[in-house]
Amino acid sequence: MLIIEDLHVEVEGREVLHDINLTINEGETHVLMGPNGSGKTTLLRAIMGFGSSRITEGSLIYKDHDITHVPIHERARLGIGLLFQRPPTVSGLKLGKLLAVTSGGDSERIDEYARHMNMDTFLERDINKGFSGGEIKRSEVLQLMIQKPDLVMLDEPESGVDLENMSLVGNAIAALVEKDQHIINRKKSGLIITHTGYILDYIDADFGHVMCDGTFKCHGNPREILKMVQSKGYKECIACQRV
Amino acid sequence: MPESMKGYSDLGEEDRRRIEMTGLQTESLEGRSGSFLQVDEHIHHAQTDSKGIEILALSDALEKYTWLEDYYWKAVPRDKDEITQYIAAREPKGYVLIARKGSQTTFPLQTCLFLAKDDIQYVHNIIIAEEGAELHLIAGCASSMKTKKGAHYGVTEIYVGKDAKVTSTMIHTWGESIEVYPRSVTVIEERGIFLSNYVCMVPAKKVQMYPTAELRGEGAVARFSSIILATPGSYLDTGSRAILSAKGATAELITRAITTGGTIISRGHILGSVKDTKGHIECRALILKDGTIHAIPEIEGRVVDCELSHEAAVGKIARDEIEYLMARGLSEDEATATIIRGFLDVKISGLPESLQTQIDAAIDAAEKGF
Numbered sequence: 001m002l003i004i005e006d007l008h009v010e011v012e013g014r015e016v017l018h019d020i021n022l023t024i025n026e027g028e029t030h031v032l033m034g035p036n037g038s039g040k041t042t043l044l045r046a047i048m049g050f051g052s053s054r055i056t057e058g059s060l061i062y063k064d065h066d067i068t069h070v071p072i073h074e075r076a077r078l079g080i081g082l083l084f085q086r087p088p089t090v091s092g093l094k095l096g097k098l099l100a101v102t103s104g105g106d107s108e109r110i111d112e113y114a115r116h117m118n119m120d121t122f123l124e125r126d127i128n129k130g131f132s133g134g135e136i137k138r139s140e141v142l143q144l145m146i147q148k149p150d151l152v153m154l155d156e157p158e159s160g161v162d163l164e165n166m167s168l169v170g171n172a173i174a175a176l177v178e179k180d181q182h183i184i185n186r187k188k189s190g191l192i193i194t195h196t197g198y199i200l201d202y203i204d205a206d207f208g209h210v211m212c213d214g215t216f217k218c219h220g221n222p223r224e225i226l227k228m229v230q231s232k233g234y235k236e237c238i239a240c241q242r243v
Numbered sequence: 001m002p003e004s005m006k007g008y009s010d011l012g013e014e015d016r017r018r019i020e021m022t023g024l025q026t027e028s029l030e031g032r033s034g035s036f037l038q039v040d041e042h043i044h045h046a047q048t049d050s051k052g053i054e055i056l057a058l059s060d061a062l063e064k065y066t067w068l069e070d071y072y073w074k075a076v077p078r079d080k081d082e083i084t085q086y087i088a089a090r091e092p093k094g095y096v097l098i099a100r101k102g103s104q105t106t107f108p109l110q111t112c113l114f115l116a117k118d119d120i121q122y123v124h125n126i127i128i129a130e131e132g133a134e135l136h137l138i139a140g141c142a143s144s145m146k147t148k149k150g151a152h153y154g155v156t157e158i159y160v161g162k163d164a165k166v167t168s169t170m171i172h173t174w175g176e177s178i179e180v181y182p183r184s185v186t187v188i189e190e191r192g193i194f195l196s197n198y199v200c201m202v203p204a205k206k207v208q209m210y211p212t213a214e215l216r217g218e219g220a221v222a223r224f225s226s227i228i229l230a231t232p233g234s235y236l237d238t239g240s241r242a243i244l245s246a247k248g249a250t251a252e253l254i255t256r257a258i259t260t261g262g263t264i265i266s267r268g269h270i271l272g273s274v275k276d277t278k279g280h281i282e283c284r285a286l287i288l289k290d291g292t293i294h295a296i297p298e299i300e301g302r303v304v305d306c307e308l309s310h311e312a313a314v315g316k317i318a319r320d321e322i323e324y325l326m327a328r329g330l331s332e333d334e335a336t337a338t339i340i341r342g343f344l345d346v347k348i349s350g351l352p353e354s355l356q357t358q359i360d361a362a363i364d365a366a367e368k369g370f
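Heads up: the sequence lines are chains V and U, in that order.
Going by the working numbering, the first sequence opens with residue 1, and the numbers climb by one from there.
Going by the working numbering, the second sequence opens with residue 1, and the numbers climb by one from there.
Simulated from the structure, these hints should not be mistaken for lab results.
Straight-line alpha carbon distances no greater than 27 Å define the calculated DSSO-like cross-link-like pairs of lysine-lysine that follow:
| # | chain 1 | residue 1 | chain 2 | residue 2 |
| --- | --- | --- | --- | --- |
| 1 | V | 94 | U | 289 |
| 2 | V | 97 | U | 316 |
| 3 | V | 227 | V | 179 |
| 4 | V | 129 | U | 278 |
Partial list, derived from the structure: chain U residues whose beta carbon lies under 8 Å from chain V:
| # | residue |
| --- | --- |
| 5 | 318 |
| 6 | 319 |
| 7 | 321 |
| 8 | 323 |
| 9 | 326 |
| 10 | 327 |
| 11 | 328 |
| 12 | 329 |
| 13 | 330 |
| 14 | 331 |
| 15 | 338 |
| 16 | 339 |
| 17 | 345 |
Values in this document were obtained by computation on a predicted structure and should not be read as measured data.
Heads up, the beta-carbon is just placed ideally off N, CA and C, and yes, glycines get one too.
Produce the entire structure from the sequences given, and follow the hints as far as they go.
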């Protein structure tokens, strides 16, 4: 579904990602781990096409389209979706209004999904204005449910979510990447940044990647990587010479 | 067309469309509790079927009610400036609207001032809401497409009585060569509420206005909301002022301004001269294309225990907001228009839905030009 080749990305004139190579096939869910500032969010933003994450070398091939220099909304329309870690507030724009636009006016689906995500009382509120951390995540998941992306990118979906809502968010995300389907029937793919690994309780991710200083340090079983990070921390990864 | 709508039929199709842009109805009075139409200096009709509400031409009113002298030129001084002097020197034109004690209009009352000639149109309006009365007004001001060079001089004196409420929504649809000089003062008594909404989304050569609310009664409330767009060639010098001169009086002056090349001077002044008063000025502006936005908020407190604040911001649309919406599949233009629409969304509590619909329609019409 997505092939990242020799990708180099600059943020404010400084190279943040160096020589990234990654292939995500249809139906696969990948987990991205790494210390703060290692470039995980920059990679997701570069895949989405944000101006601040400027691709200087390499290419992004999505469903056989070269999207390296395609505008954000065309990537979204091709099926790439992003759950923002810290989305901006848009004053005056109601959450319900945005959902109406992205759903093509399917108010029945909006109401159903909003109720499911406990967000039905937020539809008439300015998007993200005064939302708590958990409310932001539920609003983001709700937006993705309406958007129905084929490549689901999630930037720390569990941060700020309280225990009560964690299973709600976790299960909704699992449905987004079709974990409720048999392996052979899965068409959706995922790329998920996680620090805590809580999301792995709801999603059996297929591959794990560790990023340090803007490049991949290792790839492997997500559970194994998480266990190692939990016991020894990322300093072990930084010290680790094998790339 | 009913007899009551006499006057609109004399206007051409194009002129009627211009008037409809200001939120007024030209075919029927359905959903309206009354109507007034003045074209240039000619008053076509002044009528209402609402109980306790009376609308009549100023000249007739001055003959009929001698007590009107207590209101005529009492809020706005005759000799304030050359505009008021011009109007004071001429035969009285305009309307008097009286809402008797305790009366209420379910539907808004519409008044239209239409400029068809290449000259100065002048008008003097007096609105009186007696104790406990509730009045909603849509004031549409427009000019004919044929008018090449004209001016509108206006005086409006509004009296909001004890426990009364007046909502005035004014939508301007002037032309690129028209100059407009409204002079307006509202006097608010005990617990009276005055809500003023002003929308100007189409070009005008020059608008100069600084409506003032004098909050004279305890617990009086005034709120001015303005939504202004300046296209190239437009010079809009607008603002609002509130004089808090009674305990518990509160005022809020809110402006959303956008320039696509024109000039906006956004003034605001709140004077707190007695204890226990509150006021806030908020002006937010976007510069979409090079133009001028000059915000001049003034807060003036003279006693302890008056709380006054202001915030003003001039800027551009944040890139991260545009990209956020683009990530949901909106094109850059769609994202920009959506954000601007949100920026202009100043929901006003207590505004009848029909009036909010008119405001939204005026914004929607202008949005196509962003």
